[in-house]
Amino acid sequence: MLKVSLSGISKKYNGRYVLKDCSYAFEQGKIYTVIGPNGSGKSTLLRIASSLEPPDEGHVTYHDGSSTIENNIMLMRRMTLVFPTPTLFNTTVFKNITYGLRIRGLSRNDVAHRVERVLMDVRLMDKINQNALTLSTGERQRLALARAIVLEPEIIFLDEPTASLDPHSVVIIEDIIRGLKKGSQPTIIMSTHNMFQAQRLADRVLFLYEGTIEADGSAAEFFDNPGDDKAWRFITGKMVY
Amino acid sequence: MLNLFQHLINLMYYKTLKRVQGDSFCVYHGKRDASVKTEFLSLAFLFVLLYVMHDILKSFAEAVGLIFSFNRELYSIILLSLKISGSALIGASLLGVPIGAIVGMKRFFGKGIVISVLNTFMGLPPVAVGLFFYLLFSRRGPLGFLGILYSPSAMVIAQTALAMPIVAALSHSAVASVDKGIRHTAATLGATPFQTVKKVIVEARYSIMAAVIAGFGRIIAEVGAILIVGGNIDGYTRVMTTTIALETDKGNFVLALGLGIVLVTISLIVNIALHRVQGIGVQGD
Numbered sequence: 001m002l003k004v005s006l007s008g009i010s011k012k013y014n015g016r017y018v019l020k021d022c023s024y025a026f027e028q029g030k031i032y033t034v035i036g037p038n039g040s041g042k043s044t045l046l047r048i049a050s051s052l053e054p055p056d057e058g059h060v061t062y063h064d065g066s067s068t069i070e071n072n073i074m075l076m077r078r079m080t081l082v083f084p085t086p087t088l089f090n091t092t093v094f095k096n097i098t099y100g101l102r103i104r105g106l107s108r109n110d111v112a113h114r115v116e117r118v119l120m121d122v123r124l125m126d127k128i129n130q131n132a133l134t135l136s137t138g139e140r141q142r143l144a145l146a147r148a149i150v151l152e153p154e155i156i157f158l159d160e161p162t163a164s165l166d167p168h169s170v171v172i173i174e175d176i177i178r179g180l181k182k183g184s185q186p187t188i189i190m191s192t193h194n195m196f197q198a199q200r201l202a203d204r205v206l207f208l209y210e211g212t213i214e215a216d217g218s219a220a221e222f223f224d225n226p227g228d229d230k231a232w233r234f235i236t237g238k239m240v241y
Numbered sequence: 001m002l003n004l005f006q007h008l009i010n011l012m013y014y015k016t017l018k019r020v021q022g023d024s025f026c027v028y029h030g031k032r033d034a035s036v037k038t039e040f041l042s043l044a045f046l047f048v049l050l051y052v053m054h055d056i057l058k059s060f061a062e063a064v065g066l067i068f069s070f071n072r073e074l075y076s077i078i079l080l081s082l083k084i085s086g087s088a089l090i091g092a093s094l095l096g097v098p099i100g101a102i103v104g105m106k107r108f109f110g111k112g113i114v115i116s117v118l119n120t121f122m123g124l125p126p127v128a129v130g131l132f133f134y135l136l137f138s139r140r141g142p143l144g145f146l147g148i149l150y151s152p153s154a155m156v157i158a159q160t161a162l163a164m165p166i167v168a169a170l171s172h173s174a175v176a177s178v179d180k181g182i183r184h185t186a187a188t189l190g191a192t193p194f195q196t197v198k199k200v201i202v203e204a205r206y207s208i209m210a211a212v213i214a215g216f217g218r219i220i221a222e223v224g225a226i227l228i229v230g231g232n233i234d235g236y237t238r239v240m241t242t243t244i245a246l247e248t249d250k251g252n253f254v255l256a257l258g259l260g261i262v263l264v265t266i267s268l269i270v271n272i273a274l275h276r277v278q279g280i281g282v283q284g285d
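Top line first, the protein sequences correspond to chains A and B. By the count of the numbering used here, the first sequence reaches residue 241 at its end, each step adding exactly one. By the count of the numbering used here, the second sequence reaches residue 285 at its end, each step adding exactly one.
Bear in mind the hints are in silico, worked out from the structure with no lab data behind them. A portion of the hints provided could be inaccurate.
Derived lysine-lysine pairs resembling DSS-like cross-links, with alpha carbons at most 25 Å apart [claimed, not checked]:
no., chain 1, residue 1, chain 2, residue 2
1, B, Lys180, B, Lys106
2, A, Lys95, B, Lys111
3, A, Lys20, A, Lys230
4, A, Lys12, B, Lys180
5, B, Lys250, B, Lys106
6, B, Lys106, A, Lys12
7, A, Lys181, A, Lys3
8, A, Lys95, B, Lys198
9, A, Lys182, A, Lys30
Partner residues aside, some chain B positions facing chain A, computed with beta carbon under 7 Å [said to hold, decoys possible]:
no., residue
10, Gly181
11, Ile182
12, Thr185
13, Thr188
14, Leu189
15, Gly190
16, Ala191
17, Gln195
18, Glu247
19, Thr248
20, Asp249
Glycine included, C-beta positions come from ideal geometry on N, C-alpha and C.
The shape of chain A in the complex, shown without the other chains (with noise of 0.2 Å):
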């Protein structure tokens, strides 16, 4: 199974650090989620770390088992990333969801079975032909993550899966990741600004601090003693940022 790690990854935008020396190995199969203020590079460490942006300083290295893999498409195929504000397709929430599979060539029964599990699983059966582009903020999120989890990736990089979305929506994505880990396990690496939402689903979290990561431990751990002044005053709220 597909592991990524960071190496002294660094990255600037206009001249300034949005990300410096960051360094982590992320094991296989957990859940990590990214905390810290807004404009602390959470974002940005997500597309680094999934490849959609190559990094100033530093390097990430993906491996299977004991070998490195190469970047190049067929790693790029492993793994996928969730937007915050998702963009979907101008076209129905079928083809939006097979999108992934028809480019790797999967054969149509193939399809068929694998769309209609995760329709299921993400609620959205009753609008497999409806325009995406019709569907509200809670159910666009939930297509989007749909149109990830159907590629059956090793690694899954979700920025923000929850923001600005009801409690309802809230639940169905929960729902979904604890789903992804009891099934086939892949690799979850998300940021979040709800701490109780990092709480419920994390086995492992990322405090991230003006581009460093300051802190982390397991969920259970750091909640209760992150081992860091920054991180304790940002998770209890008296962070001023």
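Given chain A's structure and the hints, the job is docking chain B onto it.
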């Protein structure tokens, strides 16, 4: 017409009577003075209009008759026009859509200049294009050996050159306006760079179709370029617009008007199609 004329004479008689008698209580058919005056002016205007337009209206009626009589000459000209402009449109789309897509998606040195050139060429004067290709295809020109001057091939090439910048510039706008997120999303779902380009074009499909339709609208009604490189040869390079110009010179308004009606109808259909395509694009499929 005769009744109208009779009515007008009566009114003139009344006006004269009124001027001679000089009375203000005079009524005509029970109507007051002011309303009689208005009626007189309206009728006089209508009469003059009908008199002046008589020839045009007569030609118009005959032109409509010509269209519905399925005149062979008329329909062969329409067919040739559609063939030439259709072929030119295919050429312009095959060149213009990829150019527009590349300019819309890729970053390269001089991109701004390319966009400015495309936008400028959208308004190329057809006669200038015709002259350029005439010099190119004339016997002494660099492509004179092809021997295609005064042939439908030369007309197709000239019209392709006219429509291509329109298709390319509007396709560029269409592709550039596609959300950047589409490219990123396609990439995160495992699309190769080529598949990503394809997806962006598919997302911009309605605007690209509108660009192609706009290109067709430009060339179907064009006369300058095709007249210069086609030569308006009867049964060979004579199309709707060149026929209209020629028949008007000859004073044969019936055929010219018939073709004019067809041309306007085609333009109307093109515009309705454009409107519908844009409407579908807004609503989604």
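Next pair to validate is A/Lys95 with B/Lys111; report whether the Cα-Cα distance is within 25 Å.
Outside the cut-off at roughly 34 Å; violated.
Hint check: 7 Å Cβ-Cβ cutoff, B/Thr185 to chain A:
holds (5 Å)
Identify whether the interface hint at B/Ala191 stands, where standing means a beta carbon of chain A within less than 7 Å of its own.
Holds: closest Cβ of chain A sits about 5 Å from B/Ala191, inside 7 Å.
When you check the alpha-carbon spacing of B/Lys180 and B/Lys106, does it fall within 25 Å?
Given that 25 Å is the threshold and the Cα spacing comes to 12 Å, the pair holds.
Hey, does the B/Ile182 contact hint survive, CB to chain A under 7 Å?
Holds, about 6 Å.
Hint status (Cβ of B/Asp249 to nearest Cβ of chain A, threshold 7 Å):
violated (50 Å)
Taking only the CA atoms, is the gap from B/Lys250 to B/Lys106 under or equal to 25 Å?
Outside the cut-off at roughly 53 Å; violated.
Could you check if B/Gly190 really has its C-beta closer than 7 Å to a C-beta on chain A?
holds (4 Å)
Would you check whether B/Gln195 satisfies its interface hint, that is, whether its CB is within less than 7 Å of any CB in chain A?
holds (5 Å)
Sort out whether B/Lys180 lies within 25 Å of A/Lys12, counting only the CA atoms.
holds (21 Å)
Taken at face value, is the distance from the CA of A/Lys30 to the CA of A/Lys182 at most 25 Å?
holds (11 Å)
Was the hint right that B/Glu247 lines chain A, CB cutoff 7 Å?
Check failed: Cβ of B/Glu247 comes no nearer than 47 Å to chain A, outside 7 Å.
This entry does not satisfy hints 2, 5, 18, 19 and 20, going by the numbered hints stated previously.
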